[in-house]
Amino acid sequence: MVKVVLEEVTKRFGKTLAVDKVSLEIEKGEFVVLLGPSGCGKTTLLRCISGLEEVTSGKIFFDDKDVTALPPKDRNISMVFQNYAVWPHLTVRENISFPLRIKKVEESEINRKVRWASELLNISELLDRYPHQLSGAVARAIVVEPSVLLMDEPLSNLDALLRVKMRSEIKKLQEGLKVTTIYVTHDQVEAMTMGDRIAVLRSGRLQQIGTSEEIYHHPANLFVAGFIGSPQMNFIDVRLKRDGEELLITADGLEILIPSKYRALLEESGEDSLIFGIRPEHIYLKEERGTVPFDAEVYFVEALRSDTVVHANASFGKVVVKLPGDVPLKEGEKVRFFINTGRMHLFSKKTEKAFF
Amino acid sequence: MRAKKLRKVIIFVISVLIGLWFLIPVALITLSAFAVSEDYYNPHLIIPRHFTISHFYKLFFTLGAGHATMVSLLVAGVTIALSFILGVPAGYALARYRFKGKDSLKLVILATRMFPLMILAIPLLVIFMKMGISDTVLGIALAHTTMVLPFVILITSSIFAGVDVEFEEAAMIFGLSRAKAFFKVTLPLALPGLAASAIFAFIMSWNEVFVAAILSLQNRTLPAHILSTAMDSPDYFKFTAGFIMAVPALIFIYFARRYLVSMWGISLK
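Protein sequences, first through last, are from chains A and B. Per this note's numbering, the very first residue in the first sequence carries number 4; after that it's consecutive. Per this note's numbering, the very first residue in the second sequence carries number 18; after that it's consecutive.
Since the hints were made in silico from the structure, they are not lab data. Source: prediction; values computed, not measured. Keep in mind that a hint or two might mislead.
Said to hold, decoys possible - When the alpha-carbon atoms are kept at most 30 Å apart in a straight line, the in silico DSSO-like pairs for lysine-lysine are as follows:
| hint | chain 1 | residue 1 | chain 2 | residue 2 |
| --- | --- | --- | --- | --- |
| 1 | A | K106 | B | K201 |
| 2 | B | K123 | A | K18 |
| 3 | B | K197 | A | K107 |
| 4 | B | K201 | A | K107 |
| 5 | A | K333 | A | K321 |
| 6 | A | K116 | B | K201 |
| 7 | B | K117 | A | K24 |
| 8 | A | K18 | B | K119 |
| 9 | A | K106 | A | K174 |
| 10 | A | K181 | A | K116 |
| 11 | A | K68 | B | K197 |
| 12 | A | K18 | B | K117 |
| 13 | A | K62 | B | K197 |
To be verified - Where chain B lies over chain A, by a calculated footprint (3+ residues, C-beta under 8 Å):
| hint | region |
| --- | --- |
| 14 | 89-96 |
| 15 | 161-171 |
Claimed, not checked - Output of the computed footprint for chain A on chain B, the stretches with three or more beta carbons under 8 Å from beta carbons of chain A:
| hint | region |
| --- | --- |
| 16 | 176-185 |
| 17 | 197-209 |
Just so you know, even glycine gets a beta-carbon here, dropped at the ideal spot from N, CA and C.
Isolated chain A, as found in the complex (with noise of 0.2 Å):
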């Protein structure tokens, strides 16, 4: 396996830029997930970085390596397709054992990696058959051992069962393997359980890069944090406020304090008009210690069983709820929530770029 380091790759099709200066580095053997919505980039990316794109400009490196322009077949890479594209004129056997015989690989030698490959997807009995499934795809592209596994969205065309099952099943299968990988996909779920770190495109722009945990929690800028997270990040508008020493944001209905290691760079930024964040789960029904209340009136529940999500009209303005378990609010009612200031996000309303 090998590290693969991007230096502002950019790609263009005639008029449209679909990749713009994307620069990152990937550890060997690290799970890394190309996270967007469509039309992102992420696949066009995964292309480049496979070489069926030609990038427009910028530099990809295996190792020391300058791969930018070396056709696919010469990369040693391996590619899972959104429709798998496992060739229908060819058994299971002969779709996983293409890439061995094109490098010449010894017949015997192949028939070792072709069990070993078809044992640890499960199809061991299906090799004679014609295929139609992902486990196929997946067997034929591990058969070489690659030294950067490329998957574009390759659970997308299962239901949500199997989907399930197939995520831990690949993510299992990298750790064995401890290949590099580079997986595209829209779903975050995807993204955010199997990637050691996650890459957010939007527009071609990288937006932002790091485990779940920095993702979810330190969301770099207004996109990210209301990309991730379902249901969505609250985004209130709130204006800046000095009171003496302290620095308050506020909104109709709402007041919070600015802790004080960030005083200085709110000062600093000059603006006085911005974004408030606060995730839904971090809206309580009971006062905790480092809450601050707010008063609105439901307008919509469900409920979830698991959890209750509550859309509620504060006064200064719309607030979704998510309370665990069966919580029996009703329409029209009017409830005090708390808001855990020890969870709250400050976005610039300018640059959207996120203060804490």
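Knowing the structure of chain A, use the given hints to seat chain B on it.
Chain B alone, transformed into the frame defined by chain A:
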């Protein structure tokens, strides 16, 4: 319920009528082709009582239809080969690549069909005579290729468009160059469609009579030959000639239809 059954009956009757419309002339030709001349001319007999193959024998050997059939087959073969060598890469390019003027190019390819080939035939004859290929299989095949090429290009381009590009990309990832991926993956998957194009090309070339008649004198294709010979012969020869014309096409389609049908997803017993 009754309306449904009535509809079924009506559709059945119409299908039978349409079937008869096509089959009766074929049956007539077949019967007349094999009929003994006395029975053919006998106005009281619809279905002849005695059959003979002497007409075929005469047509083939004495009157040169055997030679002409050979020429027709060769011309069709060369036409298929030439139109494929030129047309298949063109079809692939149209299916896979994006380039300037692609749509206009498609239009131009189709537009060449607007030009009546017969008008082209005489100037073509002059040029061929100067080149020394008039009255040869190659000469006629070249003319037929121009006629057939637009179809081959457009049919193969839609066939290739139907082969998922991911199959080729997977082959390229796993060690093949673009060209090798085309031969090992795309071509096998496109085979049914290519078979359809080949049938098209064959039938167009086989049936083409005017250009072949102008471009050849001694080495005539079957339709051209029949135009000159059988038209001056007794009637039953015309039927025999018609039968000879129809049979190879039928045989060709019989063997190639399995590829056509697999393309359309129906299974054949």
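* Given the hint that K106/A pairs with K201/B, test it: the Cα-Cα distance must not exceed 30 Å. => holds (15 Å)
* Taken at face value, is the distance from the CA of K18/A to the CA of K123/B at most 30 Å? -> holds (24 Å)
* **Per-stretch coverage check for the region 197-209 of chain B, three Cβ contacts closer than 8 Å to chain A** => Check passed, 3 qualifying residues.
* K62/A and K197/B: Cα distance at most 30 Å? -> Holds, at about 27 Å.
* Asked: Count the residues of the region 89-96 of chain A with a beta-carbon closer than 8 Å to any beta-carbon of chain B: does the count reach three?
  -> holds (count 4)
* **Given pair status - K321/A, K333/A, alpha carbons within 30 Å** => holds (16 Å)
* **30 Å limit on alpha-carbon distance, applied to hinted pair K181/A and K116/A** => holds (17 Å)
* **Outcome, coverage of the region 176-185 of chain B by chain A - at least 3 residues whose beta-carbon is closer than 8 Å to one in that chain** => With 3 residues close enough to chain A, the hint holds.
* **Pair hint outcome, K116/A versus K201/B [Cα-Cα no greater than 30 Å]** => The hint holds at about 22 Å.
* Hinted pair K68/A and K197/B, Cα distance within 30 Å -> OK: K68/A and K197/B at ~26 Å, within 30 Å.
* Measure nothing beyond the straight line between the CA atoms of K18/A and K119/B; if it is 30 Å or shorter, mark the hint as holding. => It holds: about 18 Å lies between the C-alpha atoms, which stays within 30 Å.
* Report holds or violated for chain B covering the region 161-171 of chain A, Cβ cut-off 8 Å, minimum 3 residues. => Three-residue rule not met by the region 161-171 of chain A, so violated; n is 0.
The structure does not agree with numbered hint 15 stated previously, though it agrees with all others.
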